[in-house]
Amino acid sequence: MPAVCFYFQVHQPYRVKRYRVFDVGHDHEYFNDESDTDLNNGRIIRKVASKCYQPANALLLELLERHPEFKVSFSLSGVLLEQLKQYSPETLDSFRRLVDTGQVAILGETYHHSLAFFYSLPEFEQQVALHRAAVKKIFGVTPRVFRNTELAYNNNLGLWADKHGYEAVLAEGWDRILGWRSPNFVYRPKGAKRARLLLKNYKLSDDVAFRFSEKSWSEWPLTAPKFSHWVSAVNGTGDIVNLFMDYETFGEHQWEDTGIFNFLRHLPQEVLKNPDNSFITVEEAARNYPIRDEVNVPEVVTWADTERDLSAWTGNDLQTSALRAVYDLESPVAAANDSGLLTAWRRLTTSDHFYYMCTKWFADGDVHAYFNPYRSPYEAFIAFINATTDLRLRLGVDNPTFLASQPTSILVE
Amino acid sequence: MFGWEFPPHNSGGLGTACFGLTRALARDGATITFVLPKKVKAGADWLRMCFADLPEVIGRGIAANLYPYITSESYARERKGLPFVYGLNLIEEVRRYGALAGEIAALESFDIIHAHDWLSFPAGIAAKRVSGKPLVVHVHATEFDRTGGNGVNEEVYGIEHAGMSAADAVVAVSQWTKNMIVRHYGIAPQKVTVIHNGIEASDYRPLPNRLVALKQAGEKIVLFVGRITLQKGPDYFVRAAKRVLELEPKVYFIIAGSGDMEGQTLREAAALGIADRVIFTGFLRGPELDALYQSADLYVLPSVSEPFGITPLESLVNGTPVIISYQSGVAEVLRHALKVDFWDTEELANQIITVLRHPPLHRTLKQYGHEEVQKVTWTAAAQKCLGLYHSLLASV
Numbered sequence: 001m002p003a004v005c006f007y008f009q010v011h012q013p014y015r016v017k018r019y020r021v022f023d024v025g026h027d028h029e030y031f032n033d034e035s036d037t038d039l040n041n042g043r044i045i046r047k048v049a050s051k052c053y054q055p056a057n058a059l060l061l062e063l064l065e066r067h068p069e070f071k072v073s074f075s076l077s078g079v080l081l082e083q084l085k086q087y088s089p090e091t092l093d094s095f096r097r098l099v100d101t102g103q104v105a106i107l108g109e110t111y112h113h114s115l116a117f118f119y120s121l122p123e124f125e126q127q128v129a130l131h132r133a134a135v136k137k138i139f140g141v142t143p144r145v146f147r148n149t150e151l152a153y154n155n156n157l158g159l160w161a162d163k164h165g166y167e168a169v170l171a172e173g174w175d176r177i178l179g180w181r182s183p184n185f186v187y188r189p190k191g192a193k194r195a196r197l198l199l200k201n202y203k204l205s206d207d208v209a210f211r212f213s214e215k216s217w218s219e220w221p222l223t224a225p226k227f228s229h230w231v232s233a234v235n236g237t238g239d240i241v242n243l244f245m246d247y248e249t250f251g252e253h254q255w256e257d258t259g260i261f262n263f264l265r266h267l268p269q270e271v272l273k274n275p276d277n278s279f280i281t282v283e284e285a286a287r288n289y290p291i292r293d294e295v296n297v298p299e300v301v302t303w304a305d306t307e308r309d310l311s312a313w314t315g316n317d318l319q320t321s322a323l324r325a326v327y328d329l330e331s332p333v334a335a336a337n338d339s340g341l342l343t344a345w346r347r348l349t350t351s352d353h354f355y356y357m358c359t360k361w362f363a364d365g366d367v368h369a370y371f372n373p374y375r376s377p378y379e380a381f382i383a384f385i386n387a388t389t390d391l392r393l394r395l396g397v398d399n400p401t402f403l404a405s406q407p408t409s410i411l412v413e
Numbered sequence: 001m002f003g004w005e006f007p008p009h010n011s012g013g014l015g016t017a018c019f020g021l022t023r024a025l026a027r028d029g030a031t032i033t034f035v036l037p038k039k040v041k042a043g044a045d046w047l048r049m050c051f052a053d054l055p056e057v058i059g060r061g062i063a064a065n066l067y068p069y070i071t072s073e074s075y076a077r078e079r080k081g082l083p084f085v086y087g088l089n090l091i092e093e094v095r096r097y098g099a100l101a102g103e104i105a106a107l108e109s110f111d112i113i114h115a116h117d118w119l120s121f122p123a124g125i126a127a128k129r130v131s132g133k134p135l136v137v138h139v140h141a142t143e144f145d146r147t148g149g150n151g152v153n154e155e156v157y158g159i160e161h162a163g164m165s166a167a168d169a170v171v172a173v174s175q176w177t178k179n180m181i182v183r184h185y186g187i188a189p190q191k192v193t194v195i196h197n198g199i200e201a202s203d204y205r206p207l208p209n210r211l212v213a214l215k216q217a218g219e220k221i222v223l224f225v226g227r228i229t230l231q232k233g234p235d236y237f238v239r240a241a242k243r244v245l246e247l248e249p250k251v252y253f254i255i256a257g258s259g260d261m262e263g264q265t266l267r268e269a270a271a272l273g274i275a276d277r278v279i280f281t282g283f284l285r286g287p288e289l290d291a292l293y294q295s296a297d298l299y300v301l302p303s304v305s306e307p308f309g310i311t312p313l314e315s316l317v318n319g320t321p322v323i324i325s326y327q328s329g330v331a332e333v334l335r336h337a338l339k340v341d342f343w344d345t346e347e348l349a350n351q352i353i354t355v356l357r358h359p360p361l362h363r364t365l366k367q368y369g370h371e372e373v374q375k376v377t378w379t380a381a382a383q384k385c386l387g388l389y390h391s392l393l394a395s396v
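If you're matching them up, the sequences are chains A and B in order.
For the first sequence, counting from 1, position 299 maps to 299 in this note's numbering; every step adds exactly one.
For the second sequence, counting from 1, position 121 maps to 121 in this note's numbering; every step adds exactly one.
Bound conformation, chain A alone:
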């Protein structure tokens, strides 16, 4: 009786323009690139809306209306909602129509798609509250299930979600935390009283999100009947199949000509051909199944790269120093009591900025290169750190110039 639980992540950051050191003290707009590059946020929103959000939403609406049993869940970051409102309001309307079917659940997350949980709990909670308010205002619903940025999860996050009344929290169904256990059941975060833990079936999720158009893959081409067969095979060995992926999989990561929309179009009917199968939202997943076990996750697990840790965001010196530079400004920003400064600062906490500085080229390099609007991690750092320097100046924080360095040799005697 496997129930398919789709959750789509929808997010676009405010990318920092090529902000130069000469702009510090003169230009306080960090996100207003107007070029033909992928740093132009409005251009990206319009592009992704036309390639992915609009066609995928139209298709989903059609499927939801045709199959009342079909359900999906979304997590839409606050900075995405804001940018849709500004650059593509018709797309925002189409998301609203999906939610209005009553077959769609919306997840809670941080408004700014940040990793604040690991740097500042008060800031994290404020960003979650901002997101909750935005979702309520736009869609008229309140998130009951929580997912953290990049699916970054540990025991503390599970306890936090439990304490704050969420019915469930999401994480990667990574072998290291599950051991012999299957992701196809509902679990309990370690020490939680009520909240459930829903774990991504990364194999089946990545078959769609990453391998769909990979011609060297032995299962290529992936068809709806084939995938439904795999889902049905879970029958007897699991309750749910959590398919968590970026919404941009449809039309942006996998282009239309790969057949991805066609795949999605036929999936509900193929899955539902087997009367044992069904679709559920994350909220139904939390409510309708027994807890099989408690899962202990002392270290942070994410859905990224082969390591499934935070190293794609915090793995090198550039990233840690950029994160420090931003979170160092938390108190000065709060003290300044200026909404413009607060908004600019919060936009700089978005996790994507640090992802662009990743230098793990060799194993996961292709994915990082694909998602990087800068020509190198170094350019990403330069733009980011100079914008942050301007913010420091505006906040009246001392700006250290360079210090005398001790000559050190890297060569071996």
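Since the hints were derived computationally from the structure, they do not count as laboratory data.
C-beta atoms are modelled at their ideal positions from N, C-alpha and C, and glycine is treated no differently.
It cannot be assumed that every hint is accurate.
Taking beta-carbon pairs under 10 Å as the criterion, some of the chain B residues facing chain A (in silico) [stated by the list, open to error]:
# : residue
1 : Q264
2 : E268
3 : K339
4 : E346
5 : I353
6 : V355
7 : P359
According to the in silico footprint, chain B covers these stretches of chain A (three or more CB under 8 Å from chain B) [unchecked claim]:
#  : segment
8  : 20-34
9  : 306-318
10 : 376-385
Here the structure of chain A is known, so what remains is to put chain B in place on it, guided by the hints.
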């Protein structure tokens, strides 16, 4: 193998490249006779040197201490007392070298002829004519790089074109250079193999820091190494220096090299009011140059058109991070480097200041760049080169 210069008697990257490539080739089992136009005290234990001016070869030698990088007429004027003019002496000597090479080829036994740059192309062609052996011409630079496309010397172009046409295979030091060869010389792309230059990290050792006092005074050092000539972009370096100094006055800009634009560059620094911050060291080599790399905070190669550019590899091996222009072949092999369009001095200054201000950026570039450059080896270049030799010999 026909060359024009060999360390320590080299004035730039051509000699360095011949040194590195032949050493790695010999390690992989190649037996090399290396021909130079005239007798100098150069040699290496992995090859046999042969000089075209020795009496037993022909009895008449090649005259001058010729400098292979001459491009502009102004060079002769800038450097008073050196009695040569491009187009007469140099080209005449190149042709004489070619004539002598035919004699050498008749005396020697070999399987492959490999000629480096236009200076030795006539020699390579002559050797092929005499012996019938396959000819590889190795393009380290084209006339278009040297002149920036303006005032291309027809005769030099003619020699380059004749060499590439007569050759059985052309080696380009980068994709950048291959594109030049295909576009400007009309050579079929399938005839051109890209073999990037390399570096041998084990050749370098830590040296005493020469500029400790400056460093302790909180001064930063940004370095330019190369001929002070149009192709290398020294004017862009000086203009970026001006912009850097507007924000960060405690930076010295060191220019290590000599060349036809030396006077012009000096005058430009003075006109910009930064003459006290731009230091000219003249031409340096060996441990002196390595010590300078190691003392510097940052190395900049703002080349207008750089077929490869070995100096950034030298800088990284010595532990100093680099900014290189997109208009360089070396940009194809380095990911852990900052890159900039040579004309964008504003961006160059932005990158320089940000690296100097933010130690994590400096550290990351330094560490990863140093790791990356260990993989850019002459061994890899030699293996590609041997593969090419074998394919030529198989098709004979």
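Each hint tested on the structure:
1. Q264: Violated - the Cβ of B/Q264 stays beyond 10 Å from chain A, reaching only about 26 Å at its closest.
2. E268: Check failed: Cβ of B/E268 comes no nearer than 21 Å to chain A, outside 10 Å.
3. K339: holds (7 Å)
4. E346: holds (7 Å)
5. I353: With a minimum Cβ separation of about 5 Å from chain A (threshold 10 Å), the hint on B/I353 holds.
6. V355: The hint holds - B/V355 has a Cβ within 10 Å of chain A, the shortest such distance being about 8 Å.
7. P359: holds (7 Å)
8. 20-34: Per the Cβ count (3), the hint holds.
9. 306-318: holds (count 3)
10. 376-385: holds (count 6)
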